[in-house]
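Using the sequences and the hints, build the whole thing.
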Amino acid sequence: MTVATGDVGLLEGERRSLRGWWAEHQRLRRFLGHGGVLLSFAWVLLMIVFALFAPLIAPHDPNAQNLAETNAGISAGHWIGADDLGRDVFSRLIYGAQSSMQVTFETVGLALVLALLIGLVAGFRGGWLDFLLMRGADAGLAFPPLVLALAVVAVLGTSVNDTSFALAIVFTPGFARFIRGQTLAIREESFVEASTSIGTPPTRIVLVRILPNVMTGLVVGIAIALGSAVLAESGLAFLGLGPPPPAASWGDMLQEAYNTSLFTHPWSLVPAGLTIALTVLAFNTIGDSLRDTLSGATPRSRRQRGVKRQRGITAVVRPAQPIPAPAAQAEPDEPERGGAGPALLEVRDLSVEFQTDTGRVRVVDGVSFDVGEGKIVGLVGESGSGKTVSSLAVLRLLSSPPAQIVGGSIRFNGRDLLDIEFDEMRRIRGRDIAMVFQDPLASLDPSFTIGYQLIEAIRLHENVTRAAARDRAAKLLEGVHIPDPSQRLSAYPHQLSGGMRQRVMIAMALSCHPRLLIADEPTTALDVTVQAQIVELLCELREKEDLAVLFVTHDLALISELSDEIIVMYAGQVVEHSPTAELFGRPRHPYTAALLAASPGIRTEADSPVLIAGQVPQAGQFPSGCRFHPRCAYAEDACRTAAIDLTIAGPDRQSRCRRVEELTLAGVGSEVAIRLGADPVGAP
Amino acid sequence: MTIDLEAVSATAPDAAVVARLVGVSCDFSVRLPGRGRGTVHAVDNVNLAVERGKTLGLVGESGSGKSTLARLLLRLIRPTSGQVLLGDDDITRAKGAHLRILRRKMQLVFQDPYSSFDPLANIGSSVGEALRVHTDLGRLAREQRTAELLDQVRLPASFARRRPREVSGGQLQRAAIARALATEPELLALDEPLSSLDVATQVQIVDLLGDLQERLGIAYLFISHDLNLVRSLSQTVAVMYLGRLVEEGPVTELFGAAHHPYTQALLSASPSIDPARRRLRIVLEGDIPSPMNPPSGCHFRTRCRHAMEICGAEAPVITEVGGLSVRCHLMDPTRDQAPAPSDTSEQ
Numbered sequence: 001m002t003v004a005t006g007d008v009g010l011l012e013g014e015r016r017s018l019r020g021w022w023a024e025h026q027r028l029r030r031f032l033g034h035g036g037v038l039l040s041f042a043w044v045l046l047m048i049v050f051a052l053f054a055p056l057i058a059p060h061d062p063n064a065q066n067l068a069e070t071n072a073g074i075s076a077g078h079w080i081g082a083d084d085l086g087r088d089v090f091s092r093l094i095y096g097a098q099s100s101m102q103v104t105f106e107t108v109g110l111a112l113v114l115a116l117l118i119g120l121v122a123g124f125r126g127g128w129l130d131f132l133l134m135r136g137a138d139a140g141l142a143f144p145p146l147v148l149a150l151a152v153v154a155v156l157g158t159s160v161n162d163t164s165f166a167l168a169i170v171f172t173p174g175f176a177r178f179i180r181g182q183t184l185a186i187r188e189e190s191f192v193e194a195s196t197s198i199g200t201p202p203t204r205i206v207l208v209r210i211l212p213n214v215m216t217g218l219v220v221g222i223a224i225a226l227g228s229a230v231l232a233e234s235g236l237a238f239l240g241l242g243p244p245p246p247a248a249s250w251g252d253m254l255q256e257a258y259n260t261s262l263f264t265h266p267w268s269l270v271p272a273g274l275t276i277a278l279t280v281l282a283f284n285t286i287g288d289s290l291r292d293t294l295s296g297a298t299p300r301s302r303r304q305r306g307v308k309r310q311r312g313i314t315a316v317v318r319p320a321q322p323i324p325a326p327a328a329q330a331e332p333d334e335p336e337r338g339g340a341g342p343a344l345l346e347v348r349d350l351s352v353e354f355q356t357d358t359g360r361v362r363v364v365d366g367v368s369f370d371v372g373e374g375k376i377v378g379l380v381g382e383s384g385s386g387k388t389v390s391s392l393a394v395l396r397l398l399s400s401p402p403a404q405i406v407g408g409s410i411r412f413n414g415r416d417l418l419d420i421e422f423d424e425m426r427r428i429r430g431r432d433i434a435m436v437f438q439d440p441l442a443s444l445d446p447s448f449t450i451g452y453q454l455i456e457a458i459r460l461h462e463n464v465t466r467a468a469a470r471d472r473a474a475k476l477l478e479g480v481h482i483p484d485p486s487q488r489l490s491a492y493p494h495q496l497s498g499g500m501r502q503r504v505m506i507a508m509a510l511s512c513h514p515r516l517l518i519a520d521e522p523t524t525a526l527d528v529t530v531q532a533q534i535v536e537l538l539c540e541l542r543e544k545e546d547l548a549v550l551f552v553t554h555d556l557a558l559i560s561e562l563s564d565e566i567i568v569m570y571a572g573q574v575v576e577h578s579p580t581a582e583l584f585g586r587p588r589h590p591y592t593a594a595l596l597a598a599s600p601g602i603r604t605e606a607d608s609p610v611l612i613a614g615q616v617p618q619a620g621q622f623p624s625g626c627r628f629h630p631r632c633a634y635a636e637d638a639c640r641t642a643a644i645d646l647t648i649a650g651p652d653r654q655s656r657c658r659r660v661e662e663l664t665l666a667g668v669g670s671e672v673a674i675r676l677g678a679d680p681v682g683a684p
Numbered sequence: 001m002t003i004d005l006e007a008v009s010a011t012a013p014d015a016a017v018v019a020r021l022v023g024v025s026c027d028f029s030v031r032l033p034g035r036g037r038g039t040v041h042a043v044d045n046v047n048l049a050v051e052r053g054k055t056l057g058l059v060g061e062s063g064s065g066k067s068t069l070a071r072l073l074l075r076l077i078r079p080t081s082g083q084v085l086l087g088d089d090d091i092t093r094a095k096g097a098h099l100r101i102l103r104r105k106m107q108l109v110f111q112d113p114y115s116s117f118d119p120l121a122n123i124g125s126s127v128g129e130a131l132r133v134h135t136d137l138g139r140l141a142r143e144q145r146t147a148e149l150l151d152q153v154r155l156p157a158s159f160a161r162r163r164p165r166e167v168s169g170g171q172l173q174r175a176a177i178a179r180a181l182a183t184e185p186e187l188l189a190l191d192e193p194l195s196s197l198d199v200a201t202q203v204q205i206v207d208l209l210g211d212l213q214e215r216l217g218i219a220y221l222f223i224s225h226d227l228n229l230v231r232s233l234s235q236t237v238a239v240m241y242l243g244r245l246v247e248e249g250p251v252t253e254l255f256g257a258a259h260h261p262y263t264q265a266l267l268s269a270s271p272s273i274d275p276a277r278r279r280l281r282i283v284l285e286g287d288i289p290s291p292m293n294p295p296s297g298c299h300f301r302t303r304c305r306h307a308m309e310i311c312g313a314e315a316p317v318i319t320e321v322g323g324l325s326v327r328c329h330l331m332d333p334t335r336d337q338a339p340a341p342s343d344t345s346e347q
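Quick mapping for you: the protein sequence lines, in order, are chains A and B.
The opening residue of the first sequence carries number 1 in my numbering; numbering runs sequentially from there.
The opening residue of the second sequence carries number 1 in my numbering; numbering runs sequentially from there.
Honestly, the hints are just simulated from the structure, not real lab data.
Some chain A residues flagged as far from chain B (calculated, every beta-carbon gap over 12 Å): (1) Leu38; (2) Leu45; (3) Gln102; (4) Leu239; (5) Trp267; (6) Leu281; (7) Glu462; (8) Gly479; (9) Leu541; (10) Glu545.
Derived pair list, reagent style DMTMM-like, types lysine to aspartate or glutamate, alpha-carbon separation capped at 20 Å: (11) Lys95/B with Glu193/A; (12) Lys54/B with Glu184/B; (13) Lys105/B with Glu193/A.
Just so you know, these numbers come straight off a predicted model, no measurement behind them.
No residue lacks a Cβ here, since even glycine has one placed at the ideal position from N, Cα and C.
Here it is in structure tokens:
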């Protein structure tokens, strides 16, 4: 067995890590770029500085009364005036920050400690303890928060610490429930089971593995809770349950202004009111932005600059329309088709780019292929090869941003699908070209019966009555061999097995007699036994309905059973294009040969499985020259420099390899190839 | 001859066996929407032994109880009845600190490498977790040992500082193997370790696993739905259907001439490049029934083309045929003649 050195993988890894760091950095920038986050941070910081250094900052003693300046206006001595007792409002605001900030942070801190204790224990341990703790939390949540706080303060007293404690009790149950929920979810993750399997003690699992993961979900809640705590503290103070006078507090200031000067000097309500509002707003803004950053949403203003936005259809930004070359068809990009008319689907030079944090990345680069009427064409490659993106681009199903088609043409039935608008594309989708995806559960709406969804699909494209559509739906289910079709119509997707759901998806795709079916790994999520059923079904449909299929898969053994032709993709390019039997009999590209040798179900003429070192490069990091050269056993110096074109490598065959003529690569042997249907004369 | 293997396996401890299940069953109670509670018989009276330094392949459709079986063997869950033996020790009732020490001898590698690593911790801390828990090595010694472990799975020491999401699936799966090796286990359960990886990456990991087994003498319980992979890695294969083992035996015999109709169907269903083989395909009707209420008698009878009257009435016992242990009424020697095993060999 050839042993991988892994050198390429290493380099790859280094690059990834650097990119990881950039991604982090981008995330930070994205977070701070969120509207007003910097301002919010500045404001909160200012309040904290006020609270910590009030005596140094305040221009006056907050309690110094000066009856001569009662309700004085703005002046050099009183920046924002004086109150009804002639005390400096600015200084009182600064001192008010002391109790406000202290109560806020103490409350949330204390509530967090209590809630973590309760939530982690309840969530991890479960059982009766969980039951008791959560019913306690429910009881706490059942009281209106402010009433509960009032009651606790009434019992404890009104010092700053008492207020914090009272509010912490109010905040704890909500936090505890959230933490328990998170703990329950994280406890089921494999990495916790891995720790258990290692023999890590439960307390360590909770503290080292679960707690940090709970905290990441909690930061948003903490920011929002800080805002609520500011409001609650002011509320209690306003009701007279704040720090005892003459200590300054925002709520208390508001209350005094309300009592004494609401009608005489309405302006006096503003300073404290505005301070409270701004502080709460600042905490909430930070919370919102944290949520967006953590959930990966991008602030609107910075979203994917330079990509055309389009709804429901992939944007196309082509350089000047390629001149329809008349007789210049001899270029190797053009698959030969023995003088026949145009194929059903003709993809030419398709290029797709994605906008990423680090710039634009070309994921599909100059891909060309045909799907003829009633033909099954396999699009094969490893993950990251661009096969799925190419297939989605045909129906323009990639969302813009981030995707955009930057070149080529996709002619279906003689029309260029890249020229049409959304409305027309919508009519083509489902009616002329249908699609089946890997995960049927994700493609079916869980809240409607499959009958309803089938009938809708039929009626969307055809003007038939509901009853007629229902009959058709039942027939379609029968056509994909679902037992009791008319009863199954009233089943919900979750009531069906994975294989059944995939049949329903195929039935739905076939509902309007499309001429082309694009199937993206339709059997990957299924068991082999069920996969065999689906393959049999597709072969039968091709016979009966003359359906053309573009079958996207990574499984060479599987596609050998179905396809007429195979296109092998690597790093965004087609590397080999060949009739199925000939491809297996004698691959003409080293990557195809390596894939064949690596496929566990395929025995080749090669002595032993060939290890392909390293992995598929990421889009945007494709090597120069031949993109496969770092992993290729046959690479020469020349392969590393110049880009390689797709060249003709036999009848109906193309290969993107410089050495195609000199290399003889191991296939499955001519005997099997002939059984597969290879032309005995053409077979090597 | 009909041998009740249930009884045989429970006897005399065998030095060549790392771990074994003796008559193990495991039921789960599940809440049904609006219909009270039901019982899932995930594993039903299973006897299975994993030999030292060898690989036991475990195959079956999803829902057949393969993963539950692995977790029972590793005592991550406790059986409802039966015994779990680690070497000669009965660990069925082990718990707490005692069980945590026993865990060193058996480790698990998961299907999805990304969810099996703490996303917030660097790879080094996860790989070295066992060293922290089970040894009193200092920080430097731990780091050095972690680097050695990573080297064993052909990863550079610098991987210790990476976060899981910064590396590829194949690289992370290797790190998962390194983490499992940290406790110097005798048994490694691999639960579909390759199914989320590309073929080229699969070959790299298969090669690595073979190499590690040769050097360290670890036994593998290799769970996969990909029969071709099981074939290339295992010495013995067990086939599971709805919680029961239906056929078990050496890999050549099982892949060469399987006797159980389910095994035959399963083997013939895997995609093949050779049309000659494809023509022999047995396509099973329908799906695996719900383990909540399996068919009476033989669980497979609802999809079996040889189903007879007796199959619904009685559960078949294990019969030894041609080196294989088969649980099927067709193999019953009191019947006139069993149908010849269909040729399921490849190419």
